[in-house]
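Undergrad: Protein chains in written order, with full-length UniProt numbering: chain X, 1 to 360; chain F, 1 to 360.
I should point out that these hints are in silico values taken from the structure, not numbers from a laboratory.
One or more of the hints may lead you astray.
Below, a list of computed lysine-lysine pairs in the DSS-like style, where the Cα atoms sit at most 27 Å apart [claimed, not checked]:
no., chain 1, residue 1, chain 2, residue 2
1, F, Lys133, F, Lys153
2, F, Lys9, F, Lys239
3, X, Lys332, X, Lys351
4, F, Lys332, F, Lys287
5, X, Lys239, X, Lys265
6, X, Lys346, F, Lys239
7, X, Lys222, F, Lys349
8, F, Lys287, F, Lys351
9, X, Lys265, X, Lys298
10, X, Lys222, X, Lys133
11, X, Lys332, X, Lys298
12, F, Lys9, F, Lys286
13, X, Lys239, F, Lys346
14, X, Lys132, X, Lys153
15, X, Lys265, F, Lys9
16, F, Lys133, X, Lys239
17, X, Lys132, X, Lys239
18, X, Lys9, F, Lys287
19, X, Lys349, F, Lys239
20, X, Lys286, X, Lys351
21, X, Lys287, X, Lys222
Pairwise CB distance ranges, derived in the manner of DEER restraints [claimed, not checked]:
no., chain 1, residue 1, chain 2, residue 2, range
22, F, Lys222, X, Ile338, 43 to 51 Å
23, X, Ala243, F, Ala307, 38 to 46 Å
24, F, Ala185, X, Met280, 39 to 47 Å
25, F, Leu297, X, Lys265, 29 to 37 Å
26, X, Glu219, F, Ser223, 38 to 46 Å
27, F, Asp7, X, Glu269, 21 to 29 Å
28, F, Glu303, X, Gly83, 53 to 61 Å
29, F, Lys222, X, Gln81, 16 to 24 Å
30, X, Lys265, F, Ala342, 57 to 65 Å
31, F, Glu303, X, Ala243, 38 to 46 Å
32, X, Asp22, F, Lys346, 36 to 44 Å
33, X, Gln161, F, Asp7, 38 to 46 Å
34, X, Gln81, F, Leu297, 21 to 29 Å
35, F, Lys153, X, Ser220, 24 to 32 Å
All residues carry an ideal CB built from backbone N, CA and C; glycine is no exception.
Number of protein chains: 2
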Amino acid sequence: MTFHQEDHKLLMIPGPIEVADDVLYANAHAAVAHVSPQFVPVFGEVLQMLRKTVDAPSAQPIVVAGSGTMGWDMISLNVLQPGDDVLVLTTGYFGDAFADALRTYGVQVEQLRAPVGGRPGPDEIRAKLESKKFRAITITQVDTSTAVLSDIKAVSELVHQVSPETLVVVDGVCSVASEEIHMDAWGIDVIMTASQKGLGCPPGLCIVMAGPRAIQALESRKSPATYYLNWNRWIPVMKSYEAGTPIYFGTPPTNLIYALHQSLKTITEGPVSLQERYKMHREASKKVKDTIRSLGLKQLVSEELQASNGASNSMTAVCYPDGLGAADILPKMAQRDIVFGAGLLKDYKDKYFRIGHMGH
Amino acid sequence: MTFHQEDHKLLMIPGPIEVADDVLYANAHAAVAHVSPQFVPVFGEVLQMLRKTVDAPSAQPIVVAGSGTMGWDMISLNVLQPGDDVLVLTTGYFGDAFADALRTYGVQVEQLRAPVGGRPGPDEIRAKLESKKFRAITITQVDTSTAVLSDIKAVSELVHQVSPETLVVVDGVCSVASEEIHMDAWGIDVIMTASQKGLGCPPGLCIVMAGPRAIQALESRKSPATYYLNWNRWIPVMKSYEAGTPIYFGTPPTNLIYALHQSLKTITEGPVSLQERYKMHREASKKVKDTIRSLGLKQLVSEELQASNGASNSMTAVCYPDGLGAADILPKMAQRDIVFGAGLLKDYKDKYFRIGHMGH
């Protein structure tokens with residue numbers, strides 16, 4: 001049996017990312033019954049390995065067919081309730097979208113928005129936290145639209161100091177397994193992510209890690225008014241797969257679970273430790289950013305943030321040189337079989353492009 | 001480049017089903033950008049071919065990462081509203097589950113439930129329809145828990161005659177591309193299905209076809225209170241991919257879309273026409289059922305229904321002989337590398353097993 005990818009353009013967008021051959025091969029696994037003795041331990045091990053990717057022995061991982069977007073709905077419905085006050089730190093498109101999703105479910109949202117390329121500072125965050133009792137704060141670790149990296153550790157410490165009852169929710173779609181995170185040690189209550197970024201898988205899985213306080217929030221309330229997105233249905237399914245005695249709610253996406261299993265094995269048990277993986281991302285990122293600077297190009301992330309570890313190590317947002325735009329650069333790279341991402345941020349999308357450099 | 005599946009047990013459960021080599025190979029496609037010129041037409045063609053599988057030139061297909069279960073939520077939220085009266089024809093577990101999902105969203109459900117192995121008759125259905133103005137009726141074409149096949153054409157005709165404003169909603173998860181259906185000609189307003197049954201793909205895609213009256217129901221109301229499941233967000237995305245100018249809401253599950261594309265090509269353009277495909281399913285089913293009878297075994301579907309095309313052509317539910325149970329039969333088949341499905345119906349699950357015979 002041989003397997004190798006066909007020749008293809010090198011995909012360097014901030015997700016989906018290039019997928020390793022062994023992961024693609026796992027995605028082509030022959031059909032298995034979702035409750036069979038072959039499949040059940042594979043799903044169980046996926047859950048165990050996911051805890052390691054965010055350093056959270058205490059968390060309940062929830063893996064459901066869906067896109068990353070669905071994580072916002074799950075958190076809005078299961079951890080929060082209509083009328084809850086939530087502070088959304090916004091560093092780009094994805095902070096705004098998270099806020100939209102929360103509002104859809106009747107959550108009272110206040111956004112603390114940084115200028116493009118910046119992030120809200122500790123004094124602003126402290127003042128907000130002191131102004132009102134927020135049920136939760138949300139932080140996008142890497143906003144894929146700007147490449148701004150939030151300082152999750154510092155923000156979470158601040159929250160625990162000023163407003164310890166406030167739940168800390170992290171959107172880690174563009175960062176898990178690329179940017180350092182320690183869910184338990186840093187006091188994070190929920191991390192949501194997806195399969196197609198740092199986890200190095202094809203897209204199609206929504207992944208959420210729920211810490212003890214998030215589970216408590218769910219358990220202390222009336223069951224959420226949703227069928228497919230209800231954690232009261234999914235958590236028993238996850239526990240049943242981990243215990244080896246599967247119960248049915250919806251058919252799990254078996255092939256993607258095989259693919260994620262393969263990818264997580266490399267991430268958590270491969271020759272490169274997670275710490276070394278983070279370091280390699282930092283080094284690769286530094287090379288890209290040094291090159292960008294040496295070409296005289298600017299980044300979307302502010303100079304100030306760049307100097308204080310505020311630029312993502314998983315991607316880079318590069319401003320086009322004066323007088324040039326997407327039409328001048330992206331097709332030329334495509335001719336060289338390299339695909340970059342166009343700008344995503346409203347009003348700015350013609351002013352920059354995005355390079356992904358996460359994963360294998 | 002060679003690709004073939006490893007040796008594995010023959011999967012004969014009523015979904016997930018065995019997946020053809022070329023479909024698995026497509027599922028291992030190298031990563032592509034979800035808005036790239038390679039991928040966009042693939043997704044567009046998937047939508048066009050899906051219309052053919054249910055013979056519905058007028059329908060809007062919606063394909064979203066999720067399981068079949070999610071289709072119930074989508075219909076509850078987008079086509080219906082809280083307080084709507086809905087008649088659920090129940091021929092097994094999946095009718096009950098659809099009713100549960102509807103109730104979660106405040107829909108007023110009446111269930112017309114047949115005895116196990118039967119289906120509600122036309123007189124009962126007519127009486128119900130005359131007793132109250134129902135906003136919609138739901139019918140499971142094949143209930144995977146019992147193998148009962150509903151007569152969608154006859155029920156839909158009856159509805160259009162007695163209560164023409166009532167929307168006709170079909171759960172086709174276990175039947176699309178295996179059992180005959182003509183969405184437009186039979187006057188069906190919504191069909192929901194999933195990728196892993198008759199469509200011959202790995203699981204992970206929720207597929208809904210919305211007819212003009214369903215779209216009208218959505219458009220004539222306040223936008224549904226959901227973010228990820230809101231068709232007002234997804235329909236423009238679907239239209240944009242079909243038009244070749246993609247817009248972003250959530251990352252589409254690119255590899256599964258490639259796999260579905262390959263499978264749909266075989267179904268809609270392969271050497272076997274859809275009509276011939278239905279015929280082959282009927283013939284294969286007849287062989288299985290004749291063998292079951294010649295062994296002196298009974299089916300869960302009533303004798304009466306068996307005699308009137310009321311048993312599924314995609315699967316068979318077989319009662320264990322007196323004195324024997326799951327422990328006597330299923331492990332012996334597994335030793336011969338054939339996997340059947342255990343019983344699914346509450347109170348009956350130790351009394352029968354299920355053989356899937358849909359797809360390639």
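Undergrad: Output the indices of the hints that this structure fails to meet, ascending.
TA: Hints 2, 7, 9, 16, 17, 18, 21, 24, 25, 26, 30, 33, 34, 35 contradicted; others consistent.
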